[in-house]
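Q: For the protein sequence lines, the chains are A and B, in the order given.
Heads up: the first sequence begins at 1 in the numbering used here, then just goes up one per residue.
Heads up: the second sequence begins at 1 in the numbering used here, then just goes up one per residue.
In case anyone wonders, no lab produced these hints; they're calculated from the structure.
Please note: incorrect hints may appear among the correct ones.
Taking lysine to aspartate or glutamate and the DMTMM-like style, the derived pairs with C-alpha atoms no more than 20 Å apart in a straight line are [to be verified]: (1) K90/B <-> E148/A; (2) K54/B <-> E209/A; (3) K268/A <-> D217/A.
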Amino acid sequence: MNCSTVRNRLLALADPAAVPALVTAHFEQCPACQGWHRLLVQVDAAVAAIPVPASDGRAKQNVLSQFRDEVSVNGKPVRTAAPKPAIKPAAPVTPAPERVPVGDRLARFWPAGVAAAVLLVGIVLWVSMARKGNEEQPMAAVPDPLLEKVIQAKVGLDTATTPPARLKVLDQLAADIHEQAQALALVTPGEMASLAGMYKDVVEGALVEQARLLGADERRTVLPRYIQKLFETEELARQKAADAPVGSDGALQDIARSAGASRTELAKLMRGA
Amino acid sequence: MTRRILPLVVMALVSAGVGAQGPKSIPPQQRGELYKRNRPVIERLVAKTVESSKAPNNPVTRAKTYYDLLLDFNKELRDARSAGDDARVKELSGHLVTLLDRGLGPTLKKAHEEMGGPERTEDENYQKVRDDLIAQVDALLGVVDDPGAKKSLDDARTGLKQRVKSKPKE
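Extracted from the complex, chain B is given alone in its bound form (with noise of 0.2 Å):
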């Protein structure tokens, strides 16, 4: 009997592993080829990491690192879109969700309660990046097809809009 039923065992188990099996990794090679094509993005991403790190007191220069990104994006997904290549655009569009909705969005919050507060000393310069960064959420919205990503960019440009408090008048 444990005979008979010992194959059946041996393939239940074999299946089990195997579909158990995690997602396939990237081969070297591969992962090269991906550093090459992303390793303009990769650095300037660390390089603001690393700016970000510096000001933990001021988001209004950590919102200030992202204009550099989105500009970096703005170009990477142009130049995805002008290939003809929907898997990268994908990618970037995913990312760039993140970058806005889990980055850009806080931090403006952040920006935007310390403008209200006592010290309103940073505030022309928080202008200044405020209109950057609207300005390149524009022009992002010229690029992207992805609805996920308009609705990000929408409402990155309606948080830098209206989180803003309009400098008092002297």
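Next up, chain A with everything else stripped away, as it sits in the complex (with noise of 0.2 Å):
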């Protein structure tokens, strides 16, 4: 610590006779501030020491007048003589309780800062791999998670026994087909068709068909789950054709058209009709 940092923090001291221990031990090889140290001692006790001197009030009511609108209820200030503050004895240079600097504090943290670097660090370059990794994977290494699905739904409809069974395969199939389209909208219009057409086939001529072999008691707890789910789609595919590209649009718009006359089919049925 050098002179100048002593003095600063003697400075900052609300009362300089505690003094920090490394103040102390800097006072021990510098006599230049241990007397720059006493004197100190002496001004703050000589400050706090100067008597208040009489006066009629006006000065210091001029001075609160600049602070609040109304100075006494009577307008004469009273006057109150001011306490004399005892003089304070230059108190004896005991070492207060060490107080570690912010610096320091932080300091003792290294292994913790070290740490996040590197965290930090390997997560960037974790993203970055990944991103560069997704951009360089051949297209033939990655399966096609629509084709899987709909393997998925036609072994599924194929064993499935009940008209409920098969209709929870349908309403599947046509979800994944409506979730193709919502992905492929913005980037392969001239694709947005073929989906189109497919999710027409499965709730129009699948979906509701099969809607046809349940019961009544049926009708009324199974469907509407699913009509609730067109209702869904119906919205959805509307919302995006409105952002989509020419040639995504229209097909997004009949996909919204197969929900809504599939959806009303439903709850004709469901009513009996």
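The two chains are supplied separately, each in an independent frame; assemble them into the complex guided by the hints.
A: Given below as structure tokens:
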């Protein structure tokens, strides 16, 4: 610690007589600072001992009037004798509890800082490598999720033994096709008509027909959730169509129309029409 | 103490979060490319699923829907092999196993059970379906190298030959 730091720290103390241990250590090697400190303690005590001169209160009132609108109720300031402050004897220099500076305290956590830096670098590298890997992954190495889903739908439907089970498979297949249409709407408008056609075949050609095989009680219990899902698909497809490029917008509108028409049919079946 | 442990806890949580991440999603552009390539097979699969849904009580008709699918897989597997695209061959072979083991197999079993029943009116139809499917399975056996797919094809062939009952002579 150099002299300048020591003196600044002494000036920042509320009570200059209570000196931190680090400063005391400096005093042992620096008589100049020791003398400077002694003088500081005397000045501090002397300032406190200066008597307040008698006043008619006008000056005080002037000062106060700058901070508030009303000074007193009757306009006459009350004159009070300022208490004479007792002269504070110069306290002996006693080491105060050690105050570790913020910088020193932070420096203790350097292992955590190193760990955080390594973690940050690791995350950045991992993200960039993952992105690079995604870009460079050859198409052949990536299995097509939609192909897998339609395979599952085919075997699921052929092994389903009841109309509700078949409805479930067809509903999932329709949802998968719609999800694909939502994903591809902005990138491959040329493929959207194919997806819209398949969606129509599944909901209008299969799902509604399968619903006709349900009994009256089954229709009331099973169909509401499919009506709700078709309604949601209709809404989502219309919303996406509003932002989609030419080619995709029409296909999405077709999907919305198919969902709406099938929803209406299911509602009729539920009502027993 | 808490301040010293906190960074370790945060690191552990981040590691756990990264480790728990699911499979990477495929970017839309790549999905589009995949769809372009698989579109004929996907369209056929969806069409045949719709066709199957219209014959809930007729396993023979449902079994028949596999003929075109096997034909498509035959073509796609040949193309992939010619192009040296091993990953695609593997993917298609896996799907073929699913179709045979979980789709065609149980459907044929059901058809066989119904053939053994009192109504035998579909015997001729079934014979034709069976012969066509056996021809396709044989063709696929010449294309696939994957041991799992070969086994599934063998099983399907055995099932087709064993499960059918000969038409009673009048």
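Q: Holds or violated: K90/B with E148/A, Cα cutoff 20 Å?
A: The hint holds at about 13 Å.
Q: Would the pair K268/A and D217/A pass a check requiring their Cα atoms to be no farther apart than 20 Å?
A: Satisfied, since the Cα-Cα distance of roughly 14 Å is no more than 20 Å.
Q: Checking one constraint from the list: CA of K54/B to CA of E209/A, max 20 Å. Satisfied?
A: holds, 8 Å
Of the hints listed earlier, there is not a single one the structure fails to meet.
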